[in-house]
Amino acid sequence: MSSNELTLTPSQSPGLVKSPLSISPSGSLGAVRRPVNTTGWREWLFTVDHKKIGIMYGCVAFVFFIVGGVEALFIRLQLALPDGRILSADKYNQMFTMHATTMIFLFAMPMAAAFANYFLPLQIGARDVAFPRLNALSFWLFVSGGLILNASWFLGGAADGGWFMYAPNSGPVFSPSNGVDFWVLGLQIAGIASLIGSINLIVTVLNMRAPGMTLMKMPVFTWMILVVQFLLVFSLPVITVALVLLMFQRSYGATFFDVSQGADPLLWQHLFWIFGHPEVYVLILPGFGIISEVLPTFSRKPLFGYPFVVFSGASIGLVGFGVWAHHMFASGLGPVSVAVFSMATMAIAIPTGVKIFNWLLTMWGGKIWYSAAMKFAIGLVILFTIGGLSGVTHAVAPSDTQQTDTYYIVAHFHYVLFGGMVFGLFSGFYYWWPKVFGKMLNEKLGSWNFWLMVIGMNLTFGPMHILGLQGQPRRMYVWTEARAGEGFFNFGFWNLVSSIGSFVLSVGVLFFIINVIKTTRNPERAPLDPWDARTLEWLTTSPPKVHNFDRIPVVHHLDEFFHRKYVEDETTHAMTQIATGEDLMRAEEAAADTGIHMPGPSYWPLLLAIGVAVLGMGVIYGTPIMVVGALVVLFSSFGWVLEPSVPEPIDFDSPSTDGHTKEIAPLG
Amino acid sequence: MADIATHDTDHATDHGHHSSTGLSNNKLAMWLFLGSECLLFGGLISTYMLYRGRVQNGPHPSQIYDIPFTSVSSFVLLMSSLTMVLAVSSAQRKDDNKTNLWLLITALLGATFIGGQVYEFTAFYREGLGFTTSLFGSSFYSLTGFHGVHVSIGVIMLLSLRGIIKKGKITGDKAEVVELIGLYWHFVDIVWIIIFTLVYLIPS
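Each protein sequence line maps, in turn, to chains H and X.
Counting in the numbering used here, the first sequence runs from 1 upward without gaps.
Counting in the numbering used here, the second sequence runs from 1 upward without gaps.
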């Protein structure tokens, strides 16, 4: 659909009439008018549609995935042979810092946000998120943050203190370039983006579910995203404080981390990990959610023990707030703290294990369809379990003291994050591609994609267990032949294997890109319900209509879409198909709502995000720039508030029987 | 699948609920934001509590705090919560004049508090406590400064809201907008009670 959502025509959406309250240009602040009929690039720049924003999140996050991946390849090239000369010590520090920062904050979180934005309203039967303009603001702030973070490469060198940026090591004395300043500001802005996004998504899930969809009838993906957003709401402010303190120290001479003034070097570590450990679950739970959709669909069985999967996800989130100090076992916390955090960390393995057994039992006895999405999902279950088991060895404090700062840790978190999160996201790509783009990704290329990634990932990260237990430290930019050891445990051999593995892995990702290009060029359309899926996002066209659903579905079951297609025999419990996805779609179109209004596009989210970015740059480049940024922020905030919301209450619309629309008033 | 279609329209009359929780989207979002803010101030307060006694240069807290003065400005801020409640109540009774009056008084009380803080900061600075003087100085100014910025933003919101109401530009439920800003305002007041107790009243 090229024009905006307020010009739906009956031919595009059968049963819909043009909204009587279609948007008319009205002045706001007398200067800037609300965009009306956006097309071309404007359609994307000013959109507030959750689906378009989701796609933009996905594209930008994927670009950062490539950037972070190239950084990883530099690291592996440097370490492939003894006394590597590809990078200097300083560049190496920047490389691993930016690799981790990019992968976590600019790929993993926004890619999860892409899925959440796109599918969460669809899965709960809503027409958009609760605050569409804030949604656009989140996206543009994330882009601003990402650009600021990476601009440092060209403006005097990137951050070089590791992704946890331990102070006082990240103070001006040890890290004199502006890299850390860019890092602090970039993350601060990306953090605001996540905070706004999380509030938005929580309100959406809690408030905008279709009639009949109780919390325990929500798809597991939606549940996991909800848990993640709660983690973000309560953990992001803590990193915000840490970043503010560091910024005050670096830019304005405060003394928070100045040990000569009596500062406590553990302050940063606590603040960082109170955020940093929930963050780990922020990264993995969306992957868990995705495969909890994929495994039942391709096993042709409902998810085994739905309430257990939901509550174990929630308890992972809850306990995740009480385990942060296991990142600090080597810092001398004292025996009581170490014991408590050690026990809590072991406890978190229980709900995680519960989930793994639920997934196994979902597959057990099912008619498994080994599609690419399913392969990635099974890959996650296996690889995450390996990473989880090495994780339990870190929970044992004495053992962790040996492993801290070695490659064993690197091996562990790449198994859980790459094997867990990235495989989950790729599973999601294959599963939902036909929904988002209306075309099927090629299964054969998908298979190549999967196997090369599995082999590459095990070759890359598997040997790191050995390297770490042999004592190769993390973050060392060279290793020497003289101290590489002999025989099976020789550093040289395993480092080379790991580096070769990273290139195999890259070829696997390349296959995905080839697959995307090939699919885009292929004119063949995907069937409406290619996987015989179970949840509500399939109860609409592919790609979905601008207003998502022709009428808001009424939910009676968990897996509502599946239960509309199949009826269960009372005695034998056999499922008989009574309808296809196409049948259901025809029924929806025949009974479509009339007079649906959708939120109109807006300039303000983009302008406000630019203002915040300029304001941030002012911290580095001086007060005049800060003043300019602040003025833009102030101007766009007032523009935002005063923006005419024509058609009136724009943000949310629910159908009613009498032909009139009833809305709740959006004000925010 | 006509049977499915009719099956669903039977329930169409249930559609009246606009929000599954009964809370409006805006109010729920504000509560979540304030929840998040608790952790923000939690982090700043923890930093202050860790560092309040660590003075290598410059004055010690007990040497510069003027508790009677700060008590008076705290009282002013707390009274602004009362006037905010009156503003919300007038807005719910759709009494625009009274609403505007109470919003203005609330903003003035908030501005008085900020004025007191500016005076206090200036006095402390003259007595030798700069932002970079000591750990105590950095953490004191960060914590109370963050709170001051919150009050200032509140004052700007109150005055803007008053302007918007006067011009009749408000869209949607006016009383709810007043209530939302009220929630924020009360939160900022409650945080001050905690800060006042921990920073000023408990000797370090």
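Hints listed in this document are in silico derivations from the structure and should not be mistaken for laboratory results.
Note that the structure is predicted; figures quoted are calculated from it, not measured.
A few of these clues could be false.
Claimed, not checked - Under the rule of at most 30 Å between Cα atoms (straight-line distance), these lysine-lysine pairs were calculated in the DSS-like manner: (1) H:Lys217 with X:Lys166; (2) X:Lys27 with H:Lys51; (3) X:Lys166 with X:Lys98; (4) H:Lys52 with H:Lys367.
Structure-based check of all given hints:
Between H:Lys217 and X:Lys166 the alpha-carbon distance is near 46 Å, which puts this suggested pair outside the 30 Å criterion. Using a Cα cut-off of 30 Å, the hinted pair X:Lys27 and H:Lys51 holds, with the two alpha carbons roughly 25 Å apart. Only pairs whose Cα atoms come within 30 Å are accepted, and X:Lys166 paired with X:Lys98 is accepted, the gap being roughly 12 Å. The straight-line distance between the Cα atoms of H:Lys52 and H:Lys367 is roughly 35 Å, outside the 30 Å bound, and the hint therefore fails.
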